[in-house]
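**Student:** Could you put together the complete structure from these sequences and hints?
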Amino acid sequence: MHEGGLPSSTSAIPLIKPPLWLLAELTYACPLQCAYCSNPVDYAGHGKTMDTETWLRVLRDARQMGALQLGLSGGEPLVRQDLEVLVTEATKLGYYSNLITSGIGMDAARARSLKVAGLDHIQVSFQSSEANQNDEIAGMRAYAHKVDMARAVKAAGFPMVLCFVLHRDNLHRLREMLDLAIELEADYVELATTQYYGWALLNRDRLLPTLEQVREAEIVANEYQARLKGKMDIYFVVPDYYEKRPKPCMNGWGSVFLLVTPDGTALPCHAARQLPGFEFPNVQASSIKEIWQTSDAFNRFRGNAWMKEPCASCPEKEKDFGGCRCQAFQFTGDAAATDPVCDKSPLRHLVDEAISSARITTIEKPIIFRNPKNSDRHTIKLAELTR
Amino acid sequence: MSEGKVEYATDYKPLHDGSLKLARGHRIQFEQVQGCDVLLYPEGVVQLSESAAMILKQVDGQRTVIDIAAELNRMFPEDGDLTADVRSFLEVAHARGWIA
Ligand code: SF4
Ligand code: SF4
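Taken in order, these protein sequences are the chains called A and B. Take the first sequence: its letters are residues 775 to 1161, numbered as in our numbering. Take the second sequence: its letters are residues 6 to 105, numbered as in our numbering.
These aren't lab readings, by the way, just hints derived from the structure by calculation. Positions of the beta carbon are idealized from the N, C-alpha and C atoms, including for glycine. Be a bit skeptical, because a hint or two may be false.
Just the calculated beta-carbon pair ranges, DEER-fashion [said to hold, decoys possible]:
(1) A:E1064 x B:D90: 42 to 50 Å
(2) A:Y1009 x B:R32: 14 to 22 Å
(3) A:E1092 x B:Q37: 23 to 31 Å
(4) B:M80 x A:I1129: 15 to 23 Å
(5) B:Q67 x A:K1005: 35 to 43 Å
(6) A:K1082 x B:A75: 56 to 64 Å
(7) B:G23 x A:T984: 57 to 65 Å
(8) B:T88 x A:R1133: 19 to 27 Å
(9) A:R831 x B:D90: 43 to 51 Å
(10) A:Q1067 x B:A58: 24 to 32 Å
Now the stretches of chain A that chain B is said to cover, found in silico as 3 or more residues with beta-carbon under 8 Å [as the list claims (entries may be wrong)]:
(11) 838-844
(12) 867-873
(13) 1002-1016
A short list of chain B residues far from chain A (calculated; beta carbon distances all over 10 Å) [what the hints assert, rightly or not]:
(14) K26
(15) A57
(16) M59
**Tutor:** Structural data, given as structure tokens:
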């Protein structure tokens, strides 16, 4: 298997390919309070949100590096009054721009002005297909407005992704959700299984569905996928806790994905900020090029030289990259460990214990909503949970 | 339910003989950094091979499979009849939702 007799470790020196995705988290402000939000629990204590000029520079620099897909997200990106300015620049630069929104802050006129600015696509997220439940999860009356906004998005001529975030309390409504998507003429549907980071991790006992629920949902998803083939693409991913192999997180650390938080911190994934022993670079102090190519943070888990056993000698390591670094840290306290979702991990039992713990948690257990007050209050609690 | 493959009903209509267009929200552009054409769509990118890009660029809302194959045959007369290759690529593109 040797090539030209080189020691096998040379193959571990990663070739740094350009980023394909820039995810711009424009603000952590959000009128909703979703308990499954993947924003960091301590967001209220983060630095100042960056101004228009700085974001424009980030867009230009990342595009020059090769970034193609631009995600405008948050928080709620519509909170920003300069969104149209940013979109106009993104269009000029040749990005494919995606607005990821809850629909709150949208109206028909704004949808049209974003269209004029050149925005390519809008993803609207729903908390449920049922009004009361939607509003309960969102922490405010939002459902009726969302439905109207989904219609406005289509009327303005955008392709639309509808995103339903799935968890224990709404998974049984999958059929209704897909029927709503058909009614609203969604082009794509993302059945986004809650990922247990940030607020979702705090609320995991209350949100994690049972295996039976997941299997039932899979059947429904498959049925609709077949029926709507060629008309509406439906993505459904089983929660990774119920898989035997981890997800190929971010397609590899520092491989395609660059995330910039409201205060300018550059991250290889949504949840990375929690990892200890890291100094994540800030776009106000370093160029995107330095950040992507030479920063310690982006290089730390590139390639596979950093891997420990069982990943290091596993034939599947090029396939899943050992899973998610944040999940590994959250369960084991070691970000370089095998993602314990993998059944080759000696710590798989930790995931099974989380599943059991969720199973015995009743709906009486209060859900912690994502808002600034709870952010201050629960910052320390999460640190304990991830030990 | 876990044994065997379940067959679900489908309304899917395969590639048709009429005019073809890129699906809503899809576009092709050349990328300097990647050194190739890419197909962009909501939250996705596909790097296109030279021949894939060549065929997809003929999809203009007017031309049909037959027209596109004829165009490719005209462009590459030394390559023999490309009609079958063009059709099978367009079938894949259609099934993936890139063209309609
Ligand atoms: S998940 Fe909910 S609370 Fe979090 S940013 Fe999105 S809409 Fe706001
Ligand atoms: S041991 Fe590591 S590389 Fe192998 S399958 Fe499990 S997570 Fe993936």
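**Student:** Just to make sure I understand the rule, a stretch counts as covered if three or more of its residues have a C-beta closer than 8 Å to a C-beta of the chain. Does the stretch 867-873 of chain A meet that for chain B?
**Tutor:** This one holds; 3 residues, not fewer than the three required, reach chain B with a Cβ under 8 Å.
**Student:** Is the hinted range of 23 to 31 Å satisfied by the C-beta distance from A:E1092 to B:Q37?
**Tutor:** holds (28 Å)
**Student:** Given a hinted range of 42 to 50 Å, is it respected by the beta-carbon distance of A:E1064 and B:D90?
**Tutor:** Given a distance of about 45 Å, which is inside 42 to 50 Å, the answer is holds.
**Student:** With a C-beta cutoff of 8 Å, work out whether three or more residues of the stretch 838-844 of chain A approach chain B closely enough for the coverage to hold.
**Tutor:** Our answer is that it holds, as 4 residues pass the Cβ test (under 8 Å) against chain B, meeting three.
**Student:** Taking 14 to 22 Å as the stated bounds, is the beta-carbon spacing between A:Y1009 and B:R32 within them?
**Tutor:** With a Cβ separation near 21 Å, A:Y1009 and B:R32 satisfy 14 to 22 Å, so the hint holds.
**Student:** For the pair B:T88 and A:R1133, does the Cβ-Cβ distance stay inside 19 to 27 Å?
**Tutor:** About 58 Å separates the Cβ atoms of B:T88 and A:R1133, which means 19 to 27 Å is violated.
**Student:** Is the claim that B:K26 lies outside the interface with chain A correct, judged by CB distances over 10 Å?
**Tutor:** It holds; B:K26 is separated from chain A by about 13 Å at its closest Cβ, greater than 10 Å.
**Student:** For the stretch 1002-1016 of chain A, do three or more residues have a beta carbon lying closer than 8 Å to a beta carbon of chain B?
**Tutor:** Satisfied; 5 residues make the cut.
**Student:** Taking 35 to 43 Å as the stated bounds, is the beta-carbon spacing between B:Q67 and A:K1005 within them?
**Tutor:** The hinted range 35 to 43 Å is violated for B:Q67 and A:K1005, with Cβ atoms some 23 Å apart.
**Student:** Is it the case that B:M59 keeps its Cβ farther than 10 Å from each residue Cβ in chain A?
**Tutor:** holds (20 Å)
**Student:** Given the range 15 to 23 Å, decide if the beta-carbon distance of B:M80 to A:I1129 lies inside it.
**Tutor:** violated (57 Å)
**Student:** At the C-beta level, are A:Q1067 and B:A58 separated by a distance inside 24 to 32 Å?
**Tutor:** holds (28 Å)
Violated hints, listed in ascending order, are 4, 5, 7, 8; each of the other numbered hints is respected by the structure.
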